[in-house]
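Asker: In the order they appear, the protein sequences are chains A and B. Residues in the first sequence are numbered consecutively from -17, following our numbering. Residues in the second sequence are numbered consecutively from 3, following our numbering.
Bear in mind the hints are in silico, worked out from the structure with no lab data behind them. Please note that the accuracy of each hint is not assured.
Derived coverage of chain B by chain A (criterion: at least 3 residues anywhere in the stretch with Cβ under 8 Å from a Cβ of chain A; other residues may be distant) [what the hints assert, rightly or not]: (1) 41 to 55; (2) 147 to 158; (3) 161 to 167; (4) 211 to 222; (5) 303 to 311.
For each label pair, taking beta carbons as the anchor points, the in silico distance ranges come out as [to be verified]: (6) L205(A) with Q34(B): 25 to 35 Å; (7) I306(B) with A388(A): 28 to 38 Å; (8) I210(B) with L15(A): 18 to 28 Å.
Think of the CB as a built atom: it goes at the ideal place given N, C-alpha and C, for glycine as much as any other residue.
One letter stands for each residue in the lines below.
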Amino acid sequence: MSDAVLAEIPPPQAKKEKPLSKRRRREASQAYLFLAPALVILFTFNILPIGYAFYISLHRWRAVRGSFIGLENYLQLLGSPLNAVFVVAGIGALIAAYYLWRTALEQLDRRRAALRLAVAVLLIVGGLTLILGVDSMIRAAAEERRTQEYLLSILLTVFYSAGTVPFQLIFSFLLANMLFMNIRGKSFFRMIFFLPYITPTVATAAVWRAVAFEPRRGLINNLLMSLGVAQGNLPQWTFEAKGIVVLLGQWLGVDLPSWVLNSPLLSGPSLAMIAVCIYNIWVFTGYNTVIFLAGLGSISREYYDAAKIDGAGRWQAMRHITLPLVSPTTYFITLMGIIGTFKAINHIYIMTQTVGLGGPQDTTTTAAIFIFKQFREGNRWGVASAASFLLLGIILLLTWVQNRVAEGRVHYG
Amino acid sequence: MWRKILRLFFGPMVDEWESWRPAKRWSVVLRQVLTQLFLLAVLLAVLFPVLWILSMALDPRDISKPQDLRLIPPGASLESFRRVLFDPYRLLCTNPSDDSTCMTFIHLFWNSLQVSMGTALFSVVTGASAAYAFSRFRFIGRQAGMLGFIILLMLPAVATMVPLFTLLNAIKIGREPLRTTLLGLAIAYASGALPFAIWNLKGYFDTISKDLEEAALIDGAGPLQAFVRVVIPLSAPALAITMLFSFMTGWSEFLMAWLFLENPQRFTLAMALQSMRGQFATPWSTFSAFSILMSIPIVVLFYILQRYIVSGLAVGGVKG
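Chain A with its partners taken away, still in its complex shape (with noise of 0.2 Å):
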């Protein structure tokens, strides 16, 4: 159809203006009754429990409402409200460095280029430096005890998601590579890729503990012990509280110094953290392969046909083809696996149980975990609702976050 014939046609909204907008009333109504039932259980069993959380957080409140208190269980959780300050500064200044140096690269003008991306080096320094006071002053909060297992949860939360979400990312991606081309039996791995997600948690995360991660008898031990990697000491697994770090160090035999070792961050994950982190990726790789194994199908063909015509090569076409066109299967994932890791309570439940749920010594302790024990073993009711809270807020700002870092980079069809 040629422009004339197009101009010829009046265009269909501007015709009736009247009749639409009660068209349009009419549509919101018989909308509200197909949100009806959802609302309503949503209403009662969701945002009503919300609400009530959030009354609780603000009452001394142990089983029993106590005394309106305001925001002082959230001010116990932060310790001085200087810590949330300097850490949402710190946050603060990273986007912001993001933001600049986005808008540098977009500069034509070199030397205006060159002079926002210092500010911006300039801004990512000083964010991290006051992300890495908080992990001193998650030492320094030792008097209040509360302080610094909220904090340290809140840390081995993103050590959680640092340790799980990139490796499932990665390793789910390559099989579903792999899957996609036509090779023998590609239903059959389909479905046993699948089996860790599906079998029941209880009994998969028991069979780790027990099985695999089992200090004596356990595979792994044995597996590293006839490699040769540790023979008198054996790494402890699920039972084991030291940091990475200190364990590599002790293992190399290299003496780290104090600030290192009594630092929960510089520390790294306790080793029970990672024995955790491999049970999760080993659960949640065969369920990514097969969402990856959906994006890559819905990629169409003719892409590839045209970029082998102009000549590109199989690396070229994958970074210029697959990897943009995947990408909100790849969004989809982290977004899912890092919420994951933030509600994650159940496997870490089971396979911390012997040494004391959230343990040893509170080094498998993540947000999640802290919430329920402060509900359950301690009752105290008003400080776990806080926590939850605040850690609400730390999700959504992590989304928004991921949400503006994927804006320019995810690609829809």
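Starting from the structure of chain A, add chain B where the hints point.
Answerer: Below, chain B without anything else, positioned relative to chain A:
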């Protein structure tokens, strides 16, 4: 060199690449073999805990700790399966001195089935209807609503566990609180599964062309009819997968169940399995046999629905 090796492994990552360069026949075969070997290695890593569960289930000794690393235990038998299926659970009885008041596997299974089916139906029926509203209608609060669901999706379940406990405790059915009933548990699970259901289904509905519905509307169908007769049949994959996921929540969750339920007559499979784990000793053979029997329905469901997994997870739903 390493590049060559990498290329051998990951070179043919996309079908088309086979035709990228006219490859010699032997290299195609070699590639296939190498990939198969690699996948088999991954398969073993993925499968070993599952194999171990199987091995321990066949072990007649009901060991308290996995003693050795032999995969096929001496004197393998199906005794523990028989024990799980037919013996009463002495840990879960209303009257500990009377075996006939104890739970049996069938009874636990039936409870789990009720909770899981309840969760799946609740979340899919209400979720599909809400997702349809978000996908097809324009109304005030649409954007805010979608955002709200994503926030609800992120909220850790522990955060609302205790308030939900109090709330369900306050609602009475007959003489007992809703909290201690299977219905209450199903509602609690469904309210947690609902945000994901809405999100996933909305993403899928968005991909369905509106033409068919519009045709139905012109033929005089109401919006409800258009939804039930046109959209629902077209969304079988997404509905099936959403149901499967909600079903799995109800099937394997145990923490909330332990918190809510009181009467052992209402306990679920996951709770029974968890109750077998002692602090120092676990009856491994029984435990393993139990977990295998417990997984069978999910594995079967997954096997039936697996062709839908790829299409039914509306990854595009991230678009919002």
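Asker: Just to be sure I understand the hint, the distance between the Cβ atoms of L205(A) and Q34(B) should be within 25 to 35 Å; is that true here?
Answerer: 29 Å, holds
Asker: With a C-beta cutoff of 8 Å, work out whether three or more residues of the region 41 to 55 of chain B approach chain A closely enough for the coverage to hold.
Answerer: holds (count 11)
Asker: Confirm or reject the coverage of the region 147 to 158 of chain B by chain A under the rule of 3 or more residues with a beta carbon closer than 8 Å to the chain's beta carbons.
Answerer: With 8 residues in contact (Cβ-Cβ under 8 Å with chain A), the coverage given for the region 147 to 158 of chain B holds.
Asker: Measuring from beta carbon to beta carbon, are I306(B) and A388(A) in 28 to 38 Å?
Answerer: Since the Cβ atoms of I306(B) and A388(A) sit about 35 Å apart, the hinted range of 28 to 38 Å holds.
Asker: Mind checking, does the region 211 to 222 of chain B have 3 or more residues with a CB under 8 Å from chain A?
Answerer: violated (count 0)
Asker: Taking 8 Å as the C-beta cutoff, is the stated coverage of the region 161 to 167 of chain B by chain A satisfied by three or more residues?
Answerer: holds (count 6)
Asker: So the hint says 18 to 28 Å: do the beta-carbon atoms of I210(B) and L15(A) match that?
Answerer: The hint (18 to 28 Å, Cβ to Cβ) holds, given that I210(B) and L15(A) are roughly 20 Å apart.
Asker: Just to make sure I understand the rule, a stretch counts as covered if three or more of its residues have a C-beta closer than 8 Å to a C-beta of the chain. Does the region 303 to 311 of chain B meet that for chain A?
Answerer: Our answer is that it holds, as 4 residues pass the Cβ test (under 8 Å) against chain A, meeting three.
In summary, the one numbered hint that this structure violates is 4.
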